[in-house]
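Peer 1: One letter stands for each residue in the lines below.
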Amino acid sequence: MLKTIMNRLGQGVLVLFVLETITFVLIRLLPGHPFMGEKKLPDHILHQLQSNYGLNESFWVQYAHYWQNILTKGDFGPSLIREGVSVSEIISQAFPVSLLLGVFSMIIAVMIGIPSGIVAAFYKNRWIDWSVMFIALVGICVPAFVLAPVLGIALGMNIPFLSVAGWDDWYCVILPGLTLGILNAAYLARLTRSGMLDVLNQDFIRTAKAKGVSSYRLIVRHALRGGLTPALSFLGPAFAAVITGSFVVETCFQVPGMGMHFVNATTDRDYFLIQGLVLFYGLMIVVANLFVDVLLYMINPQLRKAS
Amino acid sequence: MRRNANKLFSPIILGILSLFCFVFNSCDRQSSVEKADKEDILLVGNNSEIQSLDPHIASSVADFKVIHSLFEGLLRGDNERDDLYHPGVASRWEMSDDAREWTFYLNSNIKWSDGKNLTAYDFEYAYHRLLHPQFGGRYADMLYVIKGAEQYNKNNRPYFLLSDIPNVSFDWATLRDLDWDKIEKHLDDPYKIEGLSDKESDLIWATLRADRDQGYPDLWGSSSIGVKAVDAHTLKLTLNDPMPQLPLLILHCTWFPVPKHVIEDQGGMLSRAGKWSKPGSLVSNGPFVLKEHQFNNYLEVRKNPLYRLADEISLNGVRFLPIVNGFTETRMFFDNKLHITNNVPPEMIGYAKSKSPLEFCEDDYYVSIFYRINTQKAPLNDEKVRKALSLAIDRDSLVKDVVRGAGTASFGFTPCGAGYETPHQITFNPQLARQLLAEAGYPEGKGFPAIELLTTSREVQKTMAEAIQGMWKKHLNIHIDIRSCEWTAYKQAQNSMNYDLCSSSWSGDYFDPLTFLDLWTKISGNNNTGWSHPDYEALIARAKSTVKLEDRMKVLAEAESLMLSQMPVLPLYWSKRVYLKKPQVRHWNPLLLDNHLIEKVSLQEQSK
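If you're matching them up, the sequences are chains R and X in order. Mind the numbering: the first sequence is residues 5 to 311 in my numbering, read in order. Mind the numbering: the second sequence is residues 1462 to 2069 in my numbering, read in order.
If you are wondering where the hints come from, they were derived from the structure by calculation, not from laboratory data. Among the hints, a few may not be true.
Only pairs whose alpha carbons sit at most 25 Å apart, straight line, appear in this in silico SDA-like list of lysine to any residue [unchecked claim]:
#, chain 1, residue 1, chain 2, residue 2
1, R, K44, X, T1982
2, R, K43, X, V1606
3, R, K43, X, K1499
4, X, K1816, R, Y57
5, R, K44, X, V1606
6, X, K1736, R, P100
7, X, K1739, R, I157
8, X, K1736, R, N73
9, X, K1816, R, M161
10, R, K43, X, A2002
11, X, K1499, R, S62
12, R, K43, X, Y1605
13, R, K43, X, A1867
14, X, K2005, R, I157
15, R, K77, X, R1733
16, X, K1646, R, S55
17, X, K1816, R, N162
18, R, K44, X, K1752
19, R, K44, X, K1499
20, X, K1736, R, D79
21, R, K43, X, M1958
22, X, K1764, X, A1950
23, X, K1752, R, V290
24, R, K44, X, A1950
25, R, K77, X, M1958
26, X, K1496, R, L159
27, X, K1814, R, P153
28, R, K44, X, I1984
29, X, K1736, R, L159
30, X, K1739, R, Y57
31, X, K1923, R, P153
32, R, K44, X, V1828
33, R, K44, X, K1646
34, R, K43, X, K1838
35, X, K1739, R, S92
36, X, K1615, R, Y57
37, X, K2042, R, P46
38, R, K44, X, P1995
Using the sequences plus the hints, can you model the full thing?
Peer 2: Here's what the structure looks like:
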């Protein structure tokens, strides 16, 4: 087990390194530069700004400096758009917000998605299955930029304690959380259903049924462990994605999370910020996947046997 | 078992009950606006997250709005009219007869928010910093009207070194054209500089060598720079050209003072990453001081008790919310989360107007919307083609149907105002357009090559482009392609003139037509059309050196008329600022430059 974890960690570091290198190259290949204001800068000022941030050095020197600063000083560099603010500061302000929203929405997603997937699988091809799966399909098809304003107008404007947008009180988390939660719940429901169906068709379930095991016990004790595998594999990266922010939901609900920075840093060519964010997101994905692997290993005896 | 069940469920029931109580309690919750009304805090939508509060680094409109509430310059604008100004840090000022020499006398009891005295040296330091060649101030060119400022900013060392030599007067007009890069490279093997006497030549070599040997010292002290703090309360500015309109120019943030003592303490003049402009260390001299800033959430300023007119400020503070999405902002306004929004998207104008006509505001704005034309590329290098394109645009329809009334169809390029009469030269005449196109060699649009219209990815720009594409197809029978790309790529294409037609806008930095007409000079970095005309250059230069206001405006109108007759741009409309405002907000008046004096705004009593 420990060997697997170490192995995965090693792979993770390699993935992060490659990811960061590709980002470093790609962001510099995009047309334009970070100092592209409304007004065109005179050449002497542009040159001065670039030299202030070492951007007029050769590619390799910049690349070496970047890693050197991260590895020796833990410095991810300054934001080139919000001058005087470091990338670490931006992430440390935005991450707690996205984390709170992400955890809340994932709780909603799990609470709605997994039970409805189980119910649908249990009542396979009956009206209850059809209706749950229809709703899930709608949930998957409706994009966040439709669901968010619809929820904002339908609920936020009409229920006094809900807020249409903004981030100044605890209840502001409800609508964005619900939006992200519903979207992920739809995926979870479908994955849980298919995972459960795989398990429910197996011989040991038939045996258990023949022995007279109650439906509740059949699902909770026998089927759930195996049936949740696809949902769990999805949950890891989905959780990493949600806690690192969603641009659409953040824009629609004016949430000061990480998603806005992702998009804005790219369009603004804020080189260091986008590199820092990609590295952070990559790290979250690696950790979440590792966590899911460990979890699957623990609940799935077949995996344990294989190792 | 039953007892166990009771034990298990009673906390759950209690929990649910308390949640209900909480929710009911929440139903009585005051809205953000009601809460803010009680505390006298104004909630303002501010379009986007600020980039910096350092007046020398700031570059977005959102930055400037906050900076206007935090700092105060020599003069203060007016809350009702864009062409008026009042004493600010300076209590009085004098202009020389030729309008080149300006002396500002500072109020002696002005203090920074940390209690230190504000002096003329802070102004001198501020202008020094913004212009310093190693600082890289984006808006440094706003100060180029000052004598020597441009040369200093561009680190033109010979200009200062040679003009500072005692008892020798070099004529810079003749020296300017020398190959200074070559001279710089030959400091150790000098040659005789052509067109100069041996003595002059030797003097130049010796001066430049001495400069190098001293390690290129800062030249700010040169007598050729027109900024001088005569004493702690007197600031003298010498300008390149006569400029009776200087007071309107210096209302811009780039002319504000910065606290020398704080900046020197936190990284020094040239540090761009200094912490001095952050909450906790930002020291300012305006009506408000920075209290708190949460990225992408809000920025709050509070009344500055040390402000010279602190007693007259009714608000306790202002909260700026960086709401990028106009739809979100409008929803927040109707949910009582904002007093004033930044804008209403065109798609929402009808809804907002009908839902709340009294809260709907439509103010004129000093912004011109137009298409740049790449005049270097065929077929657009033909003046007739450009004119035909312009004549085939129905601007009234654009304003009515595309931007839903949030603008005025333009009949020239520069918006009216500041005593300027924009020449009426733009009309809609499809018949004449077809005739001109035929004269250019494309009768009925036949043989017209494929051209492309570049826009940003903003929805309204794409709709506008489609509308104009349709008009040209209908009236001229020509087809254009639309290419929309994200902002930085669009800007890059525009700056490198990698386009045929390009959607553009320009907002005035100060209240004077020159802020628009200066764009089309040859040396303007924002021209990007490839068009220039010697007569236009001469007219602009003449306007700059004309002291009498009416004469100056006439010359500028003549210049605009010339520019429009050659049509390097297609003016479309003058934008309006469309926003929503709660009725309790008082003294927020329509202003073309949108520089509101927030310290004059108040929230009406009876609403509290």
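Peer 1: Of the numbered hints stated previously, which ones are contradicted by the structure, given in increasing order?
Peer 2: Result: hints 3, 4, 7, 11, 14, 18, 19, 22, 23, 25, 29, 33 and 37 break, sorted rising.
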